[in-house]
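Engineer: Could you put together the complete structure from these sequences and hints?
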Amino acid sequence: MISKNSALKVLNESLKTGGDFAEIFLEETQNQSVNIDSSRTESPSTSMRYGAGIRILNKLQSVYGYTNDVSTKGLLSLASSLASSFNEERQLTVEKISTLRYKKRHLIQRPLDKVDLEEKITLLKSIEKIIREYDPLIVRSIVGLSNVVRNIEVFNSEGKHFTDQQQRIRIFLQAMASKDGVYETSFSGPGALQGFEYLSTLDLINEAKKVAKLAVDKLSAKDCPSGKMPVVIGNGFGGVIFHEAVGHPLEASAIAKGYSQFTNKVGQRVAHECVTAIDDGTIENGWGSFNIDDEGNVSTKNVLIEKGILKGYMVDRFNGRRMNAESTGAGRRQSYKYEPTSRMTNSYIAAGESTVEEIISSVKLGLYAKSLGGGSVNPATGDFNFAADEAYIIRDGKVCELVKGATLIGSGAEVLANIDMVANDLARAQGMCGAASGSIPVDVGQPTIRVSQITVGGQGGVLK
Amino acid sequence: MNVNKFFELAKKANLESCELVISSDRSLDISIFKSEVESYTVADNRVVYARGIFNGKMGFAISEKDDRTTPYYLIDQIVSAAKVSESDDIAIIFEGSEKYKKRNLYNKNLALVTEQEILANLLLIEKKLQNYDKRLHEVQDVSYSQSDTSYELYNSFGLKLKTKDNYFYYVASVLAKDGDDVKSGYEVKLYSDPKELDIDEIVKNAADKALEKLGAKPCASGLYKTLINQKVTASLLGAYLSSAKADNVQKKSSLFVGKLNTSVASSKVTVIDAPLTKNMFYSYFDDEGVAKFNKPVIEKGVLKTYFHNLSTAKKDNVTPTANGSNTGGKIGISVGNLLLKPGRKNKDALLEEIGEGFYLTEVQGLHAGLNPTSGDFSLQASGFMIRNGKIAEPINLVTIAGNLLTLFKNITAVGSDSQLQLSSFITSSIVVKKLAVSGE
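Chains A and B, in that order, are what the protein sequence lines are. So that you can map any letter, position 282 of the first sequence is 282 in my numbering, and since no number is skipped, the others follow by simple counting. One gets my numbering by counting positions in the second sequence from 1 and adding 464 to each.
Calculated from the structure, these hints are not laboratory results. Ideal placement from N, C-alpha and C gives every residue a C-beta, glycine not left out.
Cβ pair distances, simulated, as ranges:
{"no.": "1", "chain 1": "A", "residue 1": "Glu133", "chain 2": "B", "residue 2": "Asn810", "range": "50 to 60 angstroms"}
{"no.": "2", "chain 1": "B", "residue 1": "Thr870", "chain 2": "A", "residue 2": "Lys179", "range": "13 to 23 angstroms"}
{"no.": "3", "chain 1": "A", "residue 1": "Asp396", "chain 2": "B", "residue 2": "Asp645", "range": "35 to 45 angstroms"}
{"no.": "4", "chain 1": "B", "residue 1": "Asn519", "chain 2": "A", "residue 2": "Thr201", "range": "29 to 39 angstroms"}
Calculated from the model, a selection of chain B residues having no Cβ within reach of chain A, i.e. all distances over 10 angstroms:
{"no.": "5", "residue": "Ala575"}
{"no.": "6", "residue": "Ser609"}
{"no.": "7", "residue": "Leu767"}
Simulated coverage check for chain B against chain A, where a stretch passes if three residues somewhere in it have a Cβ under 8 angstroms from a Cβ of chain A:
{"no.": "8", "region": "500-510"}
{"no.": "9", "region": "526-532"}
{"no.": "10", "region": "544-550"}
{"no.": "11", "region": "712-719"}
{"no.": "12", "region": "832-840"}
Structural biologist: As structure tokens, then:
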């Protein structure tokens, strides 16, 4: 979006007051989303994100600015205003910029911006129809598609320049069922770092039926009981519990300042030996994958916990300075409006050795949270809450009635210590993660796991 | 942005009518850590939102790129979106209201505050927190943000509306520690006038919130008579009344379907939609250009209106309520500036009346633990026990569960302690006769 020559000028302007590192991040992102709502195509929305962010680091200080004016003049003026935060002698001049080449892992067959809107709509309509016609109790059915084509370009004072294009596709299936004034909803949203061909890798017909069925079934579900109980958490999106309660506290942004319960614990046991946890930004076409992160580091497969022992953290350039650690390719940001920081990519608990049947049959009386909804965590205390989207009571080792309104609460370290069985059915699921550097696509994942005890909230009284 | 060029191209493309909104924001954010500036961010951002009607359907587009190609891009996107749209929303570009109650609340003094003064304030907050109590073992974050925004709306009927706002806020967050027990507390304080800044208040609120929680444990599960503080009341009220958005009601996906002019809360509850209140959230026109006005939403427990934009109002054949809101280009409905009419009793009197019960001060997970169509909720919560009419030991890691409709009907008193929240709502403490709390 700008020439190497302009970039050189802007970087050197940034460094004139003693900064030891400067970076220009440029972005042009096309978003398109289209929804079919109860048989009608809603007006599609398109937007263009466009701008640049400049960052100057000086030891443990960082200044950041962004603008939509990416002309050399606009960027020089931003660089100059940012540089005025420091008042030391210049210690660095960038002489030359060379373009970085790296291996592109994520192939795209049908680029999202080359597929006609009509083709997308036809496909969405066929899926929406399956949900709508599944049962007379379905009162609203929505199927939507979101396409993002993100072009990024980075120049930094190490003389490096790179560009990347990330194409992400996600389909949303939603059903709402109603009976006697009661409404229940259900949702599924698979996605990938891939072209339009991704949709043909999914069994969308089956997915649509599953979504419709769950909304209908929930209408007759009883309220979830409350209290402390053993909980079996299902695979795939169940991994959100690990994401919130363990993943975030392992990000350098929490570790560097010592806020996390995992600070200075590398090499120590933090979980049962059946737990191995990984953050892997290299998974082919993974929703949270990328070739290169938002500060120019190649993505990696990063083992966080191995057989219960803490192995490492997710580290970005700036927090790495405080920790004296190298980047792990984890520097991410929503857009040029955010300074990058350490974030997850595709994080998951690795497959274990138990079977799902073994785990379920080991529970006498407890909850099977087959699928979780959203949640949040306080990074300082590790306290979290998650809503279960689909949950059943387990009695005498058998999955029994569906219950609604279950919330799981507790502290991350406690739950991690209480995971005592891990199954062999690893699956990943897609989500958006919000934190300091904005909302970014991530995968969460895990096999089915058993947690010996979690506090469950619900309106159904004591579990009997 | 070349506004005239846009309208000229719109005419050529046979748009029936169209609208252009230009929104700009200049902002500054500074945060310190261990007495050093840790992060400093300046921003200058513009977004152009365009909408237009083509063949009776609305199309829209958004661009942050603003050059000679932008008007062409916007018109292209509007036309191609409108061509495939089968939306049954009634497409309207607004001709304009008769009268607008414009008031200038832009504070010129904010521009006079220097970065040195801001930095000095941040350091002072940090120092005061460090000296506040031995158990405050870490000041996590002390930061400042200021924003200066302008918003201009133009349409093909010649309507031109402009507004300019500015505000700033300080954030302080701390960790309190007692043995292995760590609790966090934070305070966000929003202002529009630099003269209102009260550093001691920020320090005290952040520190006390962390300290009070030390030693917190879950309480016994049960039904408690509960006092809910202003902040949680605002969160619950917002969650509840977002179901009164007319688009959700018309799509039958709201718990307020068929509830107009019926009782949806206890007779103690009166809620006004009050956008013209003179505070930093004052706003005189909505995102479709409709003049805003104050009106009752719930009057003595009875639902008096849904929240409408132009399209939903036309569908229901009612006067628009000026709640149109641009959400990613499309006009949705937003709920803000709600005022819960205060009662007569202060917090102490309410505590005394409760005698034995629960004082709810925080809820988490409203985005996940609440079903907006049924009103059922199950949320992580914390607070205090109420014993002998006084606040007693701290409680955390419990869940509260119930249904919003039931909760609002169970309100037995609204306090006199009205307070402006960050969400723009003005709320008081409320008392509910029973709330299911699940702990030990």
